[in-house]
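Novice: What follows is each chain in one-letter form.
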Amino acid sequence: MASELFGYRPLNTFFHSLDPRVKFAIFFSLTLPAVSWNDPIYLTALLAAILAIGRIAKNSFRTTGRFLLYLVPALLFLLVYNLLFYESSIVSARPSWNLAFLFYLIPVKFWVCPCGHVSLESLVYASGAMDRIIIIVLSGRFLLSVTSPADLTSLMVKLRIPSEITTAINVAFGFLPVSLAQLTGVVEAQRARGWEAKSKNPVTLVRKAVPTIVPVITRSLTRAEFLAAAISSRGYGFDPKRRTYLREIKFKGRDWYTFSFLIGFILIGQAIGAAAWGLGWADYRFTTLILRHLLGLGPPCLWHPLGPC
Amino acid sequence: MMPRKPLLNTRQISVAAVLGGLSLITEAFGLSLPGYLPGVNFNLVGAYLSIATMAAGPLGGIIVTILDSFTSSVGFYGLPFYWPHVFFLALFYKRIYSMKSTAMKVVGYWVVTAVALFIQYWGWFFLYVYVFKFATTIWPLAVYNFVGVIPYATFLAIYALIPGFVLVTAPNFVRPNWNFPYLKWVTAASIILSAIAVASQAGLR
Amino acid sequence: MNTLKRFSPQLGSAEAKIQTQGAIIEFKGVTWRYQEAKEPSLKGIDLKVDRGEVIVITGPSGAGKTTLCRCLNGLIPHFFEGELQGDVNVAGMSLRANDIPFLAAKVGLLFDDPSNQLFNSTVEEELAFGPENYAIPVPEIKLRIDEGLEFARLENSRYKNPHALSGGQQQACALASIFTMRPEIFVLDEPTSNLDPYGAQLIFQRLSELIQKGRRTFIVVEHNLETILPYADRLVVMDRGAILGDGKPKDVLKQVDLMEGVDLQVPHATQLAYELQKHDYAKGETPFTTEEAVSLLTRVVPLLLARRPPGRRSDPTEGERDVTNPLVETRGVEFAYPDGTRALNGVSLKIPEGDYVGFIGRNGSGKTTLVKMFDGLLRPTKGEVLLGGEETASKSVPQLARFVGYNFQNPDDQIFARTVREELEFAPKNLNLSPEEITRAVEAVARDLELSKYLDVNPFSLSQGLRRRVAIGSTLTLDPKVLVVDEPTTGQDYSRAKVVMELCKRLNEKGKTILIISHNMDLIAEYCRYVYVLKDGFLLTEGTPKRVFSQPETLMETSIVPPQITRIFQQMTKPALPHDVLTMGEALEVLGIGGASHGE
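Sequences listed follow chains A, B and C, in order.
Taking our numbering, the leading residue of the first sequence gets 10, the next gets one more, and so forth.
Taking our numbering, the leading residue of the second sequence gets 265, the next gets one more, and so forth.
Taking our numbering, the leading residue of the third sequence gets 853, the next gets one more, and so forth.
Chain A with its partners taken away, still in its complex shape (with noise of 0.2 Å):
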């Protein structure tokens, strides 16, 4: 089915059964914690929570796994330049202590700036980071999984977005298929005359993809016209605010438990954010410490997590 293409599959678990504005705050209650959140042991316990989650609605671990390689080159990217430009972020984001440093990433000899001291305190800020993007990236996966386009129509639908806004993108769902047939018609088509694309330079490879990005932006103008006319055909327009919709959506009894647990849990994400910034709780400078403490790396100042040592 087309909508397998972005991941949903039409299955029977509890997470599917829900809402979607419950699956939607699900997707906000995971996430945002996540962005607010800043130490990296609260955020695996997040993430251990998505990946529970994940596998009641039938993700298993092995697709999750292989979804997660895409994601290796920015968790790299992350790393590197976390550990690079740690040290150029200013106050807000750093201890106000000296940082443990661990060893040099760019020997000081080719220093062009303060940059590429690797320090205990930029590892577990970056291992925080890339916590952080596997959780946003799993959720948006798990909102899908269990999300099909209907559901999402007919979210739309109840939170008064206009129905052309909401047609579009119906539309655009049920359309897949024939978008997707038409893009390897064309491929097909440009590689029976010998056409390849392979190139290690972005730029050119850009260039390459013009003999199929042009007949299928071409080839879905001209279907586009065709469908215009088909919805046209259909009586659209006639009173887009008295339109009808055949699926209504209504809160049943699992979604009113399930969305008041996620308010409560958004709620406390919040407040154990705000503890980060304002009493050192649950920041990543606050394990630093311990780490610090474990590795016999000091400060004395346990009790202070903030203060100067």
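Rather than coming from a laboratory, the hints here were simulated on the basis of the structure.
Glycine is no exception: its CB is placed at the ideal position from the N, C-alpha and C atoms.
Some hints could be false.
[Stated by the list, open to error] Within a straight-line C-alpha distance of at most 27 Å, the following computed BS3-like cross-link-like pairs (lysine-lysine) qualify: (1) C/Lys994 with A/Lys250; (2) C/Lys1224 with A/Lys217; (3) C/Lys1102 with C/Lys880; (4) A/Lys167 with C/Lys994; (5) A/Lys217 with C/Lys1247.
[As the list claims (entries may be wrong)] Footprint (simulated), chain A over chain C, 3 or more residues, beta carbon under 8 Å: (6) 944 to 955; (7) 973 to 979; (8) 984 to 998.
[Said to hold, decoys possible] Which residues of chain A face chain C? A few of them, derived with a C-beta cut under 8 Å, are: (9) Ala159; (10) Gly194; (11) Thr227; (12) Ala238.
Use these hints to put chains B and C onto chain A, whose structure you have.
Specialist: Just chains B and C, lined up with the frame of chain A:
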């Protein structure tokens, strides 16, 4: 009671739907070069977004971004950060389209896209550094993209090369038969908001 | 609902009122010119249709049939831009003063290509879309959906994506989605032109049920007159924007000069009657069904044979086919998709150089899968494919492109360049030919295909026929030995389809081996020297067209129907006539009333 005036006609709906569907497919199939951050893939979504804006106006471009966000790695969080680009392009597009000289059309389109992309970038920097906190500082990211050139050049190629090609070879497809009220003000507002968002955090990090 | 007049700022303020005594549709002096067209597509059309009538409209491409259909639900002038003169009144509503949603409530329009009119994620949603737009209450919508599913025989496909259905089922779904709107008038614009024979059959069955239910008015644009005319109250013939003939089908068909003067696919049964009339037989008779023609011939043939002996048939398609050194060969080829669906099951064939071969069969029978193996677009999961005696397994697609030129159904799938010259240069450039070789190849192909004067023109600005020639030319610049043309006749009217077949014939005469996939049996019978019939991934039968079309029971397994003339002769028992007559020319030779040069 008179029905309300439609926001989009069926042509615009279809164009946005079809191009949005292509962007869905592109993301879902990973038809891209891996980027250095999630949501930063060198795929052709930018081309579809631009063409949808050209053919169907800013709402068309916005619909493509909504559809793209379903399969984007950063999900719906990235959605509004495309919009300054969409509005900026829409603001100048009719003028570009009406130019008589093909060369001037192409140059005009590339220049407008380059500026729009530059504006768009800062919104994404804001998202990655200040919202997602993927990194502690924005400036090396900016240097990598703009001074390092390759990422910016690649995205510019994506946003400008193919739509520009369509503009020149098949202009009927992208004739701007649309109107968007208060476009000037909406564009200005979106750019100013991006600038404020970045500036408010820039001093801290 | 009718009291809400939609705003439409681009319309004039005048609301034309037309007297409609009994007529549900009335065109009065209607002329329409599309915005960028030089000539009007409709010229002074006057047409009245009474409630409950079934009107069949036919005519060559460009006659204005589709334009006329678009006038019925308001696409013209509210969706398509242009200049409208005259008045149209549909179900009591003026075309100018009522926007599309109002007209579409009364007029259901079905387009020719199902894939462009199905845009919801499930069949159920597709059927609901129309009623939802009209704010029909949900319980009523559900009722209509059930009725629509039953009508289309899609009860088991309620939650399927419409594009996962077969072509015929898709069109049935599209028809059902109009059915649920409960229009008074059904307009079907070439509903079967993009379908395989099985799909076309499905649609005609649904259509006949609808017509027999009565109470509704039908306008059907169709080239396949044989199948649709039995239901028609009137036949309207159009050409170049004007109505040339309008009346009871038999009365219109009697106008021989009209029917022969317009580029139409006149049923073989009717053509036969025309020819007999030239020899003073069958005066005033205008059969269009096979049964009518058989009845006519049963009376006439004894008289004919008494007067003159049957002619000797020239038969260029028979004769030895030398497959000792086949140019294209498959040995037990199998293909399975990643999901396990088997598209080909052990197909073995041999095609000699210079052959003109047709592949026929239902959609999904494996024809396209098979021919894609010849240029490496698909690789067999088992078995071998050989070109010129060499296995293709180790060759890349670009390498195979020098041997096999593949042309897809829609030329726009290939066209991307700024000029025709660039388009023709594309393939040789991909294969790194030298500039001199490229220039030579492009000029040679342009000469052969009469494209020389278009070399510096933007291909997007050319007509569809020219674009197809450009697309074919762009594969010929590599001078391949084999040319594959995948469904060039689907969605085309008879004369356009014939142009492609003629082009392939010219190329065949110059030594190219031609492989055609088509659903048009008349053209396959006329042009191909050998035919392969596929069913469910197997080779069902093969042979010369005569041999293949002489096996009606075998062909029925895959819903293939031989040309009408073949069926007419096969059904003749008293006297019995040869069962392998394929073309009109041959038929006339058998009957002794035509020479070998008598063509279609």
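Novice: Classify the hint on A/Thr227 as holds or violated, based on whether any CB of chain C lies nearer than 8 Å to its CB.
Specialist: 7 Å, holds
Novice: With a cut-off of 8 Å between beta carbons, are at least three residues of the stretch 973 to 979 of chain C near chain A?
Specialist: holds (count 5)
Novice: Does C/Lys1224 pair with A/Lys217 here, judged by a C-alpha cut-off of 27 Å?
Specialist: With a Cα-Cα distance of about 23 Å, the restraint between C/Lys1224 and A/Lys217 holds, given a limit of 27 Å.
Novice: Taking the closest Cβ pair, is A/Ala159 under 8 Å from chain C?
Specialist: 6 Å, holds
Novice: Are the Cα positions of C/Lys994 and A/Lys250 separated by 27 Å at most?
Specialist: 21 Å, holds
Novice: Any CB of chain C closer than 8 Å to the CB of A/Gly194?
Specialist: 5 Å, holds
Novice: Do three or more residues of the stretch 944 to 955 of chain C come closer than 8 Å to chain A, measuring C-beta to C-beta?
Specialist: Result for this restraint: holds, n = 4.
Novice: For the pair supplied as a hint, A/Lys167 and C/Lys994, is the alpha-carbon distance within the 27 Å limit?
Specialist: Answer holds: A/Lys167 to C/Lys994 is near 20 Å, not above 27 Å.
Novice: C/Lys1102 and C/Lys880 were given as a pair; does the straight-line alpha-carbon distance stay at or below 27 Å?
Specialist: Given that 27 Å is the threshold and the Cα spacing comes to 25 Å, the pair holds.
Novice: How does the coverage statement for the stretch 984 to 998 of chain C fare against chain A, requiring three or more residues with Cβ below 8 Å from a Cβ of that chain?
Specialist: That given contact holds, which follows from 10 residues of the stretch 984 to 998 of chain C lying within Cβ reach (below 8 Å) of chain A.
Novice: Straight-line Cα separation of A/Lys217 and C/Lys1247 no greater than 27 Å?
Specialist: Given that 27 Å is the threshold and the Cα spacing comes to 22 Å, the pair holds.
Novice: Can A/Ala238 be said to touch chain C, with a Cβ gap under 8 Å?
Specialist: OK, holds: A/Ala238 within 8 Å of chain C, min 6 Å.
Figure legend: structure checked against the earlier numbered hints; every hint is met.
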